[in-house]
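Start from the sequences and build out the full structure, keeping to the hints where you can.
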Amino acid sequence: MTVAPVIRIVNDTATPALREFMAGMTPERFAGRVGPKVQELVEVHLAALGPNSKGYPSTGFYEKFARNVRWTPDARGVLIGILPAIVNGRQVGLALRVFGGTITAQTVDMLAIPISPVSYGHVPSDFPNLFLLKTVKGAYLCQRGQQVSEKTGRMIHAGRGQGGNAGRRVAADLVFLFKLQASVTQEGDLDVLPSDDAILGTALAFARPELN
Amino acid sequence: MLLASNMAKEIAELQAAGKLPRELSASQTAQLQRALQKYSGQVSQRVLSNILDDFKSKIQTAQSMTDPVQMRGVLADLTLYTGSPEVAEQIRFALHVSQEVASGGGRFLNQNLSPEALDEYPALELKRMFARHVPRGFKVGPKGAIIPVPDDDWPSRWEAAGGELTDDGRMVALKSDPIWQALGDGDGGYDDTLGNPFPPFAFNSGFMTFEVSRKEAVELGLLGQDEEAKPARFDVSKLFAEVA
Numbered sequence: 000m001t002v003a004p005v006i007r008i009v010n011d012t013a014t015p016a017l018r019e020f021m022a023g024m025t026p027e028r029f030a031g032r033v034g035p036k037v038q039e040l041v042e043v044h045l046a047a048l049g050p051n052s053k054g055y056p057s058t059g060f061y062e063k064f065a066r067n068v069r070w071t072p073d074a075r076g077v078l079i080g081i082l083p084a085i086v087n088g089r090q091v092g093l094a095l096r097v098f099g100g101t102i103t104a105q106t107v108d109m110l111a112i113p114i115s116p117v118s119y120g121h122v123p124s125d126f127p128n129l130f131l132l133k134t135v136k137g138a139y140l141c142q143r144g145q146q147v148s149e150k151t152g153r154m155i156h157a158g159r160g161q162g163g164n165a166g167r168r169v170a171a172d173l174v175f176l177f178k179l180q181a182s183v184t185q186e187g188d189l190d191v192l193p194s195d196d197a198i199l200g201t202a203l204a205f206a207r208p209e210l211n
Numbered sequence: 000m001l002l003a004s005n006m007a008k009e010i011a012e013l014q015a016a017g018k019l020p021r022e023l024s025a026s027q028t029a030q031l032q033r034a035l036q037k038y039s040g041q042v043s044q045r046v047l048s049n050i051l052d053d054f055k056s057k058i059q060t061a062q063s064m065t066d067p068v069q070m071r072g073v074l075a076d077l078t079l080y081t082g083s084p085e086v087a088e089q090i091r092f093a094l095h096v097s098q099e100v101a102s103g104g105g106r107f108l109n110q111n112l113s114p115e116a117l118d119e120y121p122a123l124e125l126k127r128m129f130a131r132h133v134p135r136g137f138k139v140g141p142k143g144a145i146i147p148v149p150d151d152d153w154p155s156r157w158e159a160a161g162g163e164l165t166d167d168g169r170m171v172a173l174k175s176d177p178i179w180q181a182l183g184d185g186d187g188g189y190d191d192t193l194g195n196p197f198p199p200f201a202f203n204s205g206f207m208t209f210e211v212s213r214k215e216a217v218e219l220g221l222l223g224q225d226e227e228a229k230p231a232r233f234d235v236s237k238l239f240a241e242v243a
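One line per chain: the protein sequences are A and B, in this order. Going left to right, the first sequence walks through residues 0 to 211 as numbering that gives the first Met the number 0 numbers them. Going left to right, the second sequence walks through residues 0 to 243 as numbering that gives the first Met the number 0 numbers them.
No lab work stands behind these hints, which were simulated from the structure alone. Bear in mind that the values here come from a model prediction, so they are computed numbers and not experimental data. Please note: incorrect hints may appear among the correct ones.
[As the list claims (entries may be wrong)] Computed list of lysine-lysine pairs in DSBU-like fashion (alpha-carbon distance at most 35 Å, straight line):
(1) K138(B) with K55(B)
(2) K53(A) with K142(B)
(3) K237(B) with K36(A)
And the structure:
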């Protein structure tokens with residue numbers, strides 16, 4: 000035999016508090032209370048993302064987007080938007096990083112993909128005297144390299160004694176800066192944004208601080 | 000200008016959607032767009048003027064020379080202008096800063112134009128959001144060592160601009176406090192500031208403003224319990240400082 004517990008509320012203080020809370024919580028009030036703090040969560044998350052996966056010098060890619068996070072009131076609550084940013088003179092959005100996708104050349108024949116720490120964050124027009132080099136592995140934009148002796152300060156011929164293609168490349172004084180491709184496919188990374196749980200947790204924490 | 004038209008498009012889209020910022024009238028929006036265009040135009044003009052002045056100066060130097068060896072050095076400098084990474088970097092930097100300032104302007108409007116958000120968060124705290132290899136208040140010394148530069152960090156600037164640090168050293172003030180403009184103006188004798196009442200207050204700054212709740216503002220003595228929160232005083236048409 001089981002006994003069902005019976006709870007009798009003698010003095011209900013929660014209902015009036017909830018009613019008062021609901022009465023004061025207009026859509027505008029909700030957005031004004033929650034929006035700024037969720038915006039802050041996204042900003043700080045983007046700001047904390049580390050440098051690029053290849054370890055190249057940072058271009059501040061995510062910082063540009065962190066500065067462009069905005070909250071706006073929405074019929075269903077609050078909307079957090081990340082406005083496009085100017086990267087290398089072009090307007091780009093963050094969605095590709097988050098959801099992935101394929102970029103194809105639109106206004107030019109080929110995309111120039113940086114393949115060196117020197118060219119990372121740059122476009123070909125940033126480098127004078129680039130020339131096209133076609134190999135069996137593809138087409139590249141290269142620059143003639145130079146190496147200065149630390150001892151004498153004179154130009155020296157680099158790559159001697161180094162074997163294989165790498166040695167030949169260095170000996171030819173070539174710096175491979177960009178690879179030309181018709182398209183490039185990027186994997187998505189949902190971790191670029193805070194998790195849904197983190198967003199919801201922040202929203203709840205600030206929507207009803209007096210009820211916590 | 001690319002920058003101005005982008006921002007104008009953003010504002011127009013948000014306005015059309017009845018969203019951000021709903022208190023901004025059509026004429027204020029137009030004023031803001033004009034201010035942005037003027038600002039980004041000024042940045043571009045300033046970059047071009049600097050490059051042109053430098054170019055002219057080197058030409059004049061070369062013209063006044065009689066020693067061919069010296070002249071060769073100056074001519075070598077002039078070749079920098081025919082596709083130099085340094086010049087490209089200079090232009091890139093100026094446009095990068097103007098983009099950051101334009102973004103900061105949008106964020107500033109967002110912080111001040113919603114009555115509900117203003118009531119909920121009447122104050123702001125200045126603190127670091129973006130990491131920097133050499134933070135303001137430090138410099139690179141011999142052998143790459145990072146050494147402090149006295150009175151150049153943000154807490155020093157805050158106090159020089161008339162602000163008071165909280166007991167635990169935080170920089171918090173009401174949104175309506177004139178300290179935000181003073182920080183941007185470089186009050187205290189700082190010449191690397193950008194003239195805006197919002198971050199970035201100075202070149203390459205990683206500090207941003209964070210919203211501070213009414214409860215905390217009251218606890219810090221910035222506001223009375225039932226005191227009305229006021230927005231920053233600003234003229235939309237003069238939101239961005241003129242480029243010196």
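Outcome of the hint check:
no. : hint                : verdict
1   : K138(B) with K55(B) : holds, 33 Å
2   : K53(A) with K142(B) : holds, 27 Å
3   : K237(B) with K36(A) : holds, 28 Å
The structure agrees with every numbered hint stated previously.
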